[in-house]
Amino acid sequence: MAELHNDTIEARARQLVEEFALFDDWMEKYEYLIELGKSLPPLEPEYKTEAFRIHGCQSQVWIRPEFRDGRVYFKGDSDALITKGLVALLIRVLSGQPPEAILNARLDFLDEIGLKAHLSPTRKNGLAAMIEQMRRYAQAYLQASRN
Amino acid sequence: MPASVDSTGLQTTFDVARVRADFPALHQRIYDGRPLVYLDNAATTQKPQVVIDRIRDFYLRENANVHRGVHYLSQIASDAYDEARRLVAAFIGAPDPSQVIFTRGTTESINLVAATYGRRHVGEGDEIVLSAMEHHSNIVPWQLLCEEKGARLRVVPVDERGVLDLEALERALTERTRLVAIAHVSNALGTVNPVREIIRMAHARGIPVLVDGAQAIQHLEVNVAELDCDFYCFSGHKMYGPTGIGILYGKAELLEAMPPYQGGGDMIERVTFERTTYNRLPYKFEAGTPHIAGAIGLGAAVAYLNGLGRTAVAHYEDELLRYATERLQEVPGLRLIGTAPHKVSVLSFVIEGVHPYDAGTLLDQMGIAVRTGHHCTQPLMDRLGLPGTIRASLALYNTREEIDALVEALHRVVRMLR
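Line order of the protein sequences matches chains A and B. Its first residue numbered 2, the first sequence is counted upward by one per residue in our numbering. Its first residue numbered 979, the second sequence is counted upward by one per residue in our numbering.
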C-alpha cells in the first residue's frame, strides 16, 4: 500500500507538468499530447455509445467508468487525436483514484502545462465537459457506496 | 507592382502589399511570435483602418440619435447615417436608397422577410424552395415559418462537386411555391449559384426570390436591379465593415405591402391607442435607435471597396483561389470538397486519416486561422457524408506566401497526425 500513498492526483499531475516542461515549443507539446493520445489503451467498441458520450465537444468523445475496490477506473476514446490526448491526460491523473479525491481535485495542472491558454474556446468547453462528467461518475459512486 | 489607373480613375491592377497595409489586425504575431495568417474570412473579415477611424470619429465628434433631434449633432449624425444608406444602395445598384434597410446582419434580414412577407403570403400546404447547400440562417427561419403555417420546405439537391441541380429546381417550382430562398455563394463550398437564371425561372411562374448574399457581396459585383431579385441580404462584417450591421434590399412594391417587423420608435407615422400608422420606407422596418455607428462604418467599407476597384479585387481573388487550389493538391491525402466550376474564396477540404478539428488546432498553433466543422451547413455535410471539413477562406488581402505557409503547415499536420 505504501506506493499507493504517493500515487495521488497531485503527484501524477506534477509528473505530467514536468514531462510537458521538457518541450519549449508548443508544436512539440502538442506532438507529445498526440503521442499520449495514441498510446491510450483503446475503449472497446461496444462502449462507444450514446450512454458514454461526452457532449459539448466538436469531436466525438466517450468516457467509461468502472468502480472497483473503492476506486474509479476510467477508459476513454475520441475520433480526434488531440482530444484523445486530453482524455489521456485526465485518465492518467484521475483513473484509479478514490471518488472523494476525484471530486476534490483542483486540476491546476492543466493551467500549469499552459494548455488552457493554447486551447481554442470549443476545446476548453469540451475539456470542461469531460472533467464534469468524470466528477459526476465519482459523485454517483460515492453516493452508491454510502448507501 | 505599381497600381495603374484607368480612365475612370480606378485602380486596375491590384497591389496586395499596399492593401495589406490598410489592415492593422493582419500585422500581428501570435503565440510564440508567429505571424498571423488569417484564412477565416468567410466567418468574418478584418477591418481596414478607414473603417476603424470612421467609427471612432463618429463617437468622438458626431454621436447623436438620428431623425429625432433639432440640434446640430443630430443633424450631422442623421446626414452620415443617410449617406451610408445611399452608398450601400449605389454599391448594389438598388434603384432607390429607401429600398435598403439596415438590419443586424444577414440572419436578421432573412428573419425579417420570413416574419413579414412570409407570414402574410405562406399558408397551409404551401412550399418554400431552397437548396441543399444553404446556411442554417437560410433554413431555420423558413422552418419556423413552415411549422407555424403548416407549410413545407422543398430542398433542391446538389451534386458531388457542390453544383446545384437546376433541373430539379425547375421541377420543384409549382403553384404551391411561395418563395425561393437561395445562397448566391455557398459558405461551405464556395460554389457560385446561377442566381440570375434561378430568378428568371422563378419569375416565369410568378414566384419571388430571396438571395442570401452573405458570401457573395465581398467577392462579386452585385447588381440587384440587373439580377431582378426580390430580396437580397448580406452582412457588414464579412465585407470589411463592422459587426452587428447588415442589409436587406427589397423591391419597393414588396416592401411597401409588407407589414412591419418590429414596433417601436422611428417606424411610426402617428400613434394613438386605437391605431398606429407606419412610417415610409425604409424607416417602417427600422424600429428603435438603429446601429448608427455600424451603418456609417459599413458606408466606409463600401467606399473602401469602391476605391480598390471591384473588378481588380475579383480578378486578384480569382487568381489567388486558382493558385491555392493547385497547391493544396500537393498535400498527401487531401481531398477538396466543393469543386464547382464557378467558385469564389472558399477552400474546403478533408485529409485522409486526419480529424478536421485536430488539423485546425495544429494550424492555429502555427499561426494559421481556419475554420473546422460543419460551417452551419449540417444538411449539406450529411449530403456529402462528412462530419465536417477544414475551411480556408480567402479575402482580398491574402497572399500567395500565405497559401505557401498553409501548404507547408498542412504537410507538418499530416506528419504529426498519421
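Keep in mind that a hint or two might mislead.
Sample of chain B residues with no beta-carbon within 12 angstroms of chain A, all distances over it, derived [said to hold, decoys possible]:
#1 Asp1010
#2 Ile1030
#3 Pro1073
#4 Ser1076
#5 Arg1082
#6 Gly1103
#7 Glu1145
#8 Asp1244
#9 Pro1319
#10 Gln1343
#11 Gly1366
#12 Leu1395
Below are the SDA-like pairs computed for lysine to any residue, each with C-alpha atoms no more than 25 angstroms apart in a straight line [claimed, not checked]:
#13 A:Lys30 with B:Arg1097
#14 A:Lys39 with B:Gln1240
#15 A:Lys125 with A:Ala145
#16 A:Lys76 with A:Arg137
#17 A:Lys76 with A:Asp26
#18 A:Lys30 with B:Tyr1037
#19 A:Lys39 with A:Ala145
#20 A:Lys76 with B:Met1394
#21 A:Lys30 with B:Ala1281
#22 A:Lys30 with B:Lys1229
#23 A:Lys30 with B:Val1385
#24 A:Lys30 with B:Gln1343
#25 A:Lys30 with B:Arg1007
#26 A:Lys39 with A:Gly71
#27 A:Lys125 with A:Asn7
#28 A:Lys117 with B:Asp1010
#29 A:Lys125 with B:Ala1281
#30 A:Lys49 with B:His1352
#31 A:Lys125 with B:Arg1097
#32 A:Lys30 with A:Phe53
#33 A:Lys125 with B:Gln1240
#34 A:Lys30 with B:Pro1310
#35 A:Lys39 with B:Ala1021
#36 B:Lys1229 with B:Ala1281
#37 B:Lys1229 with B:Gln1240
#38 B:Lys1229 with B:Arg1097
#39 A:Lys39 with A:Lys125
#40 A:Lys76 with A:Ile92
To be clear, the hints were calculated from the coordinates, so they are not data collected in a lab. Keep in mind it's a predicted model, so treat the numbers as computed, not measured. Here a beta-carbon is modelled for each residue, glycine too, at the ideal position from N, C-alpha and C.
(message) Tell me the hint numbers this structure goes against, listed in increasing order.
(response) Hints 1, 10, 11, 12, 13, 14, 15, 17, 18, 19, 21, 22, 26, 27, 29, 31, 32, 33 and 35 are the ones this structure does not satisfy, whereas the remaining hints hold.
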